[in-house]
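With chain A fixed as given, assemble chain B onto it according to the hints.
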Amino acid sequence: MIQVTVNGKVHSFERSIDVTALLASLELAGKKVAVERNGEIVPRSAHANTLLADGDALEVVVAVGGG
Amino acid sequence: MQDLLTIAGKTYRSRLLIGTGKYRDFAQTRAAVEASGAEIVTVAIRRTNIGQNRNEPSLLEALPPSRFTYLPNTAGCYTAADAVRTLRLARELLDGHDLVKLEVLGDPHTLYPNMPETLKATEELVKDGFKVMVYCSDDPIQAQMLEAAGCVAIMPLASLIGSGMGILNPWNLQLIIEKVKLPVIVDAGVGTASDATIAMELGCDGVLMNTAVAAARDPVLMAKAMKKGVEAGREAFLAGRMPKKLYSASPSSPTEGKIAPKAA
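In order, the protein sequence lines correspond to chains A and B.
Number 18 in our numbering belongs to position 18 of the first sequence; there are no gaps in the numbering.
Number 1196 in our numbering belongs to position 196 of the second sequence; there are no gaps in the numbering.
Treat each hint with caution, since some may be false.
As the list claims (entries may be wrong) - Facing chain B, a subset of chain A residues (Cβ under 8 Å, in silico):
| no. | residue |
| --- | --- |
| 1 | 26 |
| 2 | 33 |
| 3 | 67 |
No wet-lab data here; the hints were simulated from the structure.
Positions of the beta carbon are idealized from the N, C-alpha and C atoms, including for glycine.
The following block holds chain A by itself, in its conformation from the complex (with noise of 0.2 Å):
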């Protein structure tokens, strides 16, 4: 089993899953989103062949309004 952080909440996995794999899991699948792993940005061109470890930190952000 692996646990990540994204986005400050720690999501179990029973094995090791790709970044792909991950977005669909949190219902994320297709959506406009950009993801950082451990402070470095994961392109959307490698998120199906980026593995995920046991400790992963990740942020998935969005564009919002702002000033």
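Here is chain B on its own, set in the frame of chain A:
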């Protein structure tokens, strides 16, 4: 001849830049942006609400990036490192879009810029290929440092973010306009249309605002007023105002050919 604003090699007809925060909903955001005539809109980058966003409307749908130039900001960042991370996320989110608004804040009470961190972030972002429009203090020396660091627009505050206090130090803004070659855009402090006009009459290249529009009783009408305020100020600047004369009044009508004064 058309009077265009050029930022990082791209031209814009509108000199009013609009923030998209604090509106009632996306429909009002869109209506206000349309009324303002703005072509550049600022957006913030935030964590997505996991599990609650299945039918959440998206800002990207309300304001299609194909029609507006997005200016992702670093609102809420207090360090150069967080600001740089935020803008890298923005660039990824917006498919490589590299025009950004940098703001590194000093404290949550005043939202005044932290200039040492702002300069550090500017240098790092420029090295990484970003085109950086930078929110800064109205200090002409710092403005020149930012210009030397390679940003594409200097955006001094006219008064505190969200305060609506107007143009508090026109003299410093004028010094910045004289000292730097880059576009100078007043960012923060404008409260009503005359404030925008004053900024433009000073020779600013543009005005960026959010709260003055969003917090008006009628945001869409205020957006329209701001458009006119910016245009009026720009045209007055280009026209070149008459000199101020404190003691020598000068009549507008001819002094010759007046009828004879009635004998006493």
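Checked hints:
Taking 8 Å as the C-beta contact cut-off toward chain B, the hint placing residue 26 of chain A at the interface holds, the least distance being around 5 Å. The beta carbon of residue 33 of chain A is positioned within 8 Å of a beta carbon in chain B (closest approach about 6 Å), and the interface hint is therefore held. The beta carbon of residue 67 of chain A comes within 3 Å of a beta carbon in chain B, closer than 8 Å, and the hint placing it at the interface holds.
Checked against the numbered hints given earlier, the structure satisfies every one of them.
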